[in-house]
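Asker: Sequences and hints are given; from them, build the entire structure.
As you go down the protein sequences, you meet chains A and B in turn. Counting in the numbering used here, the first sequence runs from 67 upward without gaps. Counting in the numbering used here, the second sequence runs from 67 upward without gaps.
Calculated directly from the structure, the hints in this document are not laboratory data. A portion of the hints provided could be inaccurate.
As the list claims (entries may be wrong) - Derived CB-CB ranges, DEER-like:
1) B:S269 to A:K303: 35 to 43 angstroms
2) A:E138 to B:E179: 48 to 56 angstroms
3) B:K116 to A:D177: 58 to 66 angstroms
4) A:Y193 to B:D250: 19 to 27 angstroms
5) A:G76 to B:E252: 23 to 31 angstroms
6) A:T143 to B:D177: 40 to 48 angstroms
7) A:D177 to B:G105: 43 to 51 angstroms
8) B:G91 to A:L213: 23 to 31 angstroms
9) A:K183 to B:K246: 47 to 55 angstroms
10) A:G105 to B:D250: 35 to 43 angstroms
11) B:E179 to A:S271: 32 to 40 angstroms
Cβ atoms here follow ideal geometry from the backbone N, Cα and C, with glycine treated the same way.
2 protein chains.
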Amino acid sequence: MISVIIIGFGNVGQHLYRVFDDASGVSVLQIASRSPISGVDHTPTTTDLKQLKEADLYIIAAPDDAIEGISEQLTFTNRLVVHTSGSVAMEMLSDENRKGVFYPLQTFSKDREVDFKEVPICYEADYEDDLALLKNLGSQISEKVVLVSSEKRAKLHLAAVFANNFTNHLYHLSETYLTKHGIDFELMQPLIKETAMKVQSLSPSEAQTGPAIRKDKKTIAKHLQLMRDREYRRIYKSLTKSISKSHGKKL
Amino acid sequence: MISVIIIGFGNVGQHLYRVFDDASGVSVLQIASRSPISGVDHTPTTTDLKQLKEADLYIIAAPDDAIEGISEQLTFTNRLVVHTSGSVAMEMLSDENRKGVFYPLQTFSKDREVDFKEVPICYEADYEDDLALLKNLGSQISEKVVLVSSEKRAKLHLAAVFANNFTNHLYHLSETYLTKHGIDFELMQPLIKETAMKVQSLSPSEAQTGPAIRKDKKTIAKHLQLMRDREYRRIYKSLTKSISKSHGKKL
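Answerer: Spelled out as structure tokens, the structure:
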């Protein structure tokens with residue numbers, strides 16, 4: 067049984083709490099949060115970092131810029147303290163304790179259940195025993211547990227910005243454009259789903275379709291005529307150029 | 067029973083054939099294609115447009131720039147002839163026959179089954195009877211059948227370029243970057259899936275996360291340091307700027 071204390075109870079903290087609470091080999095001893103927590107009945111909570119119990123592992127699930135400060139406020143020493151961030155280096159944690167990272171590579175929202183079995187857990191630590199513990203903990207909730215250095219994790223996080231944040235923004239541009247022209251965004255949802263499902267088995271470069279890769283200047287010209295907004299035209303041109311460049315075709 | 071002849075047997079033609087063949091109220095009388103078709107045993111095929119039988123409906127499932135030419139080569143008159151393109155206006159079809167559009171808004175690949183029930187079918191025609199027939203045909207295969215004018219369809223198609231072609235290109239950039247740094251793209255697949263699933267119920271503007279919307283200059287600067295390639299930097303900056311603009315925050 068691995069005993070865990072979760073520090074921070076935002077999206078990531080709450081999702082981790084739920085999945086650990088369901089896992090047979092994990093016991094969440096306590097949750098610490100800046101503001102009082104409600105709705106967690108069978109786990110002790112605290113708002114005071116000085117009141118933390120003793121546990122195998124302390125998980126700081128806090129915003130990037132709060133991680134270092136929280137790790138420095140801990141009053142004990144030589145215990146295993148990890149954070150859950152994609153972009154913060156392990157070294158940023160206080161030297162008073164043993165350092166590690168437990169990064170679930172997924173986007174978490176308040177109201178959506180996440181199937182952790184599919185979520186890659188990227189872990190890192192300085193010592194063999196700590197690596198083994200984090201790997202064991204990861205395996206309790208996910209089928210994909212991988213050792214990833216801080217350097218590689220930063221690159222993963224950048225790639226995730228392209229695949230998640232930027233992608234979602236394209237959905238947003240698509241929605242805004244349709245709404246402006248009185249068309250229901252719902253019509254776009256099955257296409258969005260299938261686009262993502264395709265690359266679960268196919269490489270994105272094989273899955274690429276559309277006027278840019280076809281070198282279809284006529285359709286591209288038509289599309290540019292349909293957009294008055296400079297922002298849309300700028301992004302359309304920029305990505306069209308990048309597609310034709312990536313696929314070795316000049317437009 | 068609606069009798070249909072499919073002209074063109076690429077991705078869209080083949081998927082339509084399969085789903086019509088399974089539908090109880092549709093009979094595919096014949097398939098016409100430029101090159102001989104194999105693997106279709108119980109439906110007559112031809113490579114000669116002069117040999118087309120009589121049917122309720124002729125569906126031209128051909129590349130955009132071939133549609134007009136094919137419609138002009140048809141040797142009969144006053145029958146219902148539709149195309150399946152998102153971006154070609156209905157008016158491009160020959161005046162010799164009654165015009166229409168039957169546009170399934172989805173991305174089709176050779177080796178992937180598509181669940182047509184979820185695919186929006188956008189139809190259009192000049193006459194009441196033709197509209198009723200296309201609506202009926204659409205309802206045989208899909209739960210979402212919508213009357214869409216050529217003008218609106220062109221806009222839908224543009225929005226689909228953002229939500230599908232451009233999105234897939236971001237997956238591609240993400241994959242290329244990871245591969246270059248020896249990291250497996252598989253790690254990104256669950257995130258890609260969840261990003262798409264989120265906007266099936268949530269608006270993309272509510273689902274937006276990441277450094278750009280958080281106004282997190284530190285992470286943005288870190289990311290820019292991790293990209294040497296000018297193309298990546300250009301797209302990163304362009305989309306970051308667009309996110310903060312869309313969400314009313316200046317970076």
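Asker: Taking the hints in turn, state whether each one holds.
Answerer: Status of the hints after comparison with the structure:
For the hinted restraint 35 to 43 angstroms between S269 of chain B and K303 of chain A, the CB-CB distance of approximately 26 angstroms leaves it violated. In this structure the hint that E138 of chain A and E179 of chain B lie 48 to 56 angstroms apart at CB holds, the actual value being about 54 angstroms. Our hint of 58 to 66 angstroms for K116 of chain B and D177 of chain A holds, since their Cβ atoms are close to 59 angstroms apart. Against the hinted window of 19 to 27 angstroms, the Cβ-Cβ separation of Y193 of chain A and D250 of chain B comes to about 25 angstroms, which satisfies the hint.
For the pair G76 of chain A and E252 of chain B, the supplied restraint of 23 to 31 angstroms holds, since their beta-carbon distance comes to about 27 angstroms. Here the CB-CB span from T143 of chain A to D177 of chain B is close to 57 angstroms, at odds with the stated 40 to 48 angstroms. At about 46 angstroms, the beta-carbon gap between D177 of chain A and G105 of chain B stays in the expected band of 43 to 51 angstroms. At roughly 56 angstroms, the beta carbons of G91 of chain B and L213 of chain A sit outside the given window of 23 to 31 angstroms.
Remark: the range hint 47 to 55 angstroms for K183 of chain A to K246 of chain B is contradicted by a beta-carbon distance near 29 angstroms. Separation of G105 of chain A from D250 of chain B is about 37 angstroms and conforms to the stated range, judged on CB atoms against 35 to 43 angstroms. The given range of 32 to 40 angstroms is broken by E179 of chain B and S271 of chain A, whose C-beta atoms sit roughly 22 angstroms from each other.
Of the numbered hints listed earlier, those contradicted by the structure are 1, 6, 8, 9, 11.
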